[in-house]
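S.K.: Order-wise, the sequence lines are chains A and B. Quick note: the first sequence uses my numbering, first residue 1, plus one each step. Quick note: the second sequence uses my numbering, first residue 1, plus one each step.
Read the hints as simulated data drawn from the structure, not as lab findings. Accuracy of the hints is not assured; some may be wrong.
Claimed, not checked - If the Cβ cut is set under 7 Å, some of the chain A residues that face chain B in the computed set are:
id : residue
1  : Y27
2  : A64
3  : L66
4  : P84
5  : F90
6  : F92
7  : D94
8  : A96
9  : P99
10 : G110
11 : L113
Stated by the list, open to error - Which bits of chain B does chain A cover? Going by a derived footprint, with three or more residues having C-beta under 8 Å, they are:
id : region
12 : 77-88
13 : 238-247
Remember, it's a predicted structure, so these values are computed and weren't measured experimentally. The beta carbon of each residue, even a glycine, is placed where N, CA and C say it ideally should be.
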Amino acid sequence: MAMPQTETAFEAKVDNAVAVRGVSKNYGDVEALKDMSLEFPRGQLTSLLGPSGCGKTTLLKIIAGLLEPNAGEIEVNGKAVTGPGPDRAFVFQDFALLPWASVLRNVGFGLELRGVARSEREAIAEKYIKDVGLAGFEKSYPHELSGGMRQRVGLARALSVNAQVLLMDEPFSAVDEQTRRKFQEDLLNLVQNESKTFIFVTHSIEEAVYVSDQIAILLPRPSRVSEIIRPSGFRNKDAASIRRDPEYLDIVDEIWASLRSYVE
Amino acid sequence: MKIMGYRLPAMSSLILWGILWEIVGQAGVTFFIPPLSKVFVTLFEVIGTGSFQKALWDTAYAFFAGVFFSIVIGIPTGIMMGKNRLIDEMLLPWVNMFLSAPLTALVPVLMVLFGFGMKSIIITTTLFAIWIIILNTRAGVMQINRSMIEMARSFGASPMDAFFKIYFWAALPEILGGVRIGVIRAVKGVIIGQLLISIVGFGALFELYSSNFLMAHFWAVLIVLFALAFTISEVFAYLERRVAYYAAKR
Ligand SMILES: Nc1ncnc2c1ncn2[C@@H]1O[C@H](COP(=O)(O)OP(=O)(O)OP(=O)(O)O)[C@@H](O)[C@H]1O
Ligand SMILES: [Mg+2]
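Bound-form chain A, shown alone (with noise of 0.2 Å):
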């Protein structure tokens, strides 16, 4: 489906770090992805927040370049995707850490396989695992961290590797609420520092809520973008209080009210 004009060269104003067109994606028979179209603002959070099995995780690897839709384009800062590169790193589901390398290995491997030297990988490697709060921890082994700090160990991973575009596909989903919540400030603190694009999938509404600042709300197979929310009057505010905020809460209650129906 081809877009307007006019309206083409207006989008092409607004500075997007990603840009997905008229993206389809087939798994045989089964439709994941139909003409979806969708922008992600430079420096800013995106989350995609939809039912499970909606495609999410499709789109992600789709613009990460793992994976080639059967129609459409992804464009990152202009230029269109053809595989993984060097302006986006992935965060995993699963955390997919080398389970047989040591947290400094796992955090440096990105650097690592790129050729950056050892003492300088492993030197910028240090760094990033002091800035996710794994100090001290260099030497250990994945098997010997808990979920949420093995999820820091990929986080960093990503960080270390400087990729404009942060790609993170449910990076809290393993760790419990407590560690979650300080995780979501964290990144809060993260976007606010780093001028990095974060494409952030979730399944719950509060957390897209609170991280974001563009939300698109997908819906089941064959998935498309059903709404666009932007979140900014709390945007500005102390992590704390984000969570009392009434836009806050109205924005949690309207997705949710458009949600429940596919849930039901």
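Model the placement of chain B with the ligands on the given structure of chain A, informed by the hints.
M.R.: Leaving out everything else, chain B with the ligands in the frame of chain A:
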């Protein structure tokens, strides 16, 4: 194992069988089983002789060469099969066939193809060991978590990087298991090769001793061979335990 609160050392069942052997041997039930003590005396007599050492060297050389080739060919082949559907479909029937084939029956063919020397013996040894190594490596690669491979791809891993930094390590527990069994099969292969192709090494000794009914000598060489195979397979079992910490969580 524990008996009456005492922890028995590993392999203590061997002591029991050793005693039984000694009793049966002393009773003179059959010339086929001389007393174990006599076997050990013979062992120490034989071990210093030039012909034994030459045989040991010949056997060890063919054995290690065969194991070496089955590892350096088997592991990459197994990884390729695990990674690539097409290669897998092409090769799997052959691997399965050779795994269960009576390889001994192939030895005469090998002799025609490769002559009567060391080369044929090494190839025989390789053929005994390689198939299980391929199959285990393949199984190891197939169980690798998909997201680990996607992780490597997303960070721009070259095929070489993926091979040496992901596939090999992720499949290592299965690979070591395969090599351990392969090594044991290689012992069989080298002796069969030495018996059938050219009468050298331990094969020649077995031939010599059994045709002259020197049963104590026969058992002595067999014990040496067993010790050799056991030691090597224990080395691999040890390595397997070293990687066990991540075998369950890949
Ligand atoms: N490799 C695959 N082969 C076949 N079908 C697939 C494959 N991967 C995903 N699908 C199908 O595509 C649809 C979208 O899957 P996807 O994993 O993108 O959903 P999701 O939104 O990430 O779900 P969840 O929230 O449960 O993670 C699902 O219906 C799923 O069954
Ligand atoms: Mg998913």
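S.K.: Each hint should be assessed against the structure and marked as holding or not.
M.R.: Here is how each hint holds up against the structure:
Given the 7 Å rule on beta carbons, the hint for Y27 of chain A is violated: about 14 Å separates it from the nearest Cβ of chain B. Hint on A64 of chain A holds. Least Cβ distance to chain B is approximately 5 Å, under the 7 Å limit. Of the supplied interface hints, the one on L66 of chain A holds, with its beta-carbon coming within about 5 Å of a beta-carbon of chain B, less than 7 Å. The beta carbon of P84 of chain A comes within 5 Å of a beta carbon in chain B, closer than 7 Å, and the hint placing it at the interface holds.
Annotation: interface hint on F90 of chain A holds; nearest CB of chain B at approximately 4 Å, less than 7 Å. Checking F92 of chain A against chain B: minimum C-beta separation of about 5 Å stays under 7 Å; hint holds. Checking D94 of chain A against chain B by beta carbon gives a least distance of about 5 Å; that is within 7 Å, so the hint holds. Checking A96 of chain A against chain B by beta carbon gives a least distance of about 4 Å; that is within 7 Å, so the hint holds.
A hinted interface residue such as P99 of chain A counts as satisfied when its beta carbon comes closer than 7 Å to some beta carbon of chain B; here the least separation is about 4 Å, so the hint holds. Using the Cβ-Cβ criterion of 7 Å, the hint placing G110 of chain A at the interface with chain B is satisfied: the shortest such distance is roughly 4 Å. Because the closest C-beta pair between L113 of chain A and chain B is about 5 Å apart, less than 7 Å, the hint holds. For the region 77-88 of chain B, the proposed coverage by chain A is not satisfied: 0 residues have a C-beta within less than 8 Å of a C-beta in that chain, short of the threshold of three.
Three residues within the 8 Å Cβ limit are the bar, and the region 238-247 of chain B against chain A gives 3, so the coverage statement holds.
Going down the numbered hints, you'll see the structure goes against 1 and 12, while the others check out.
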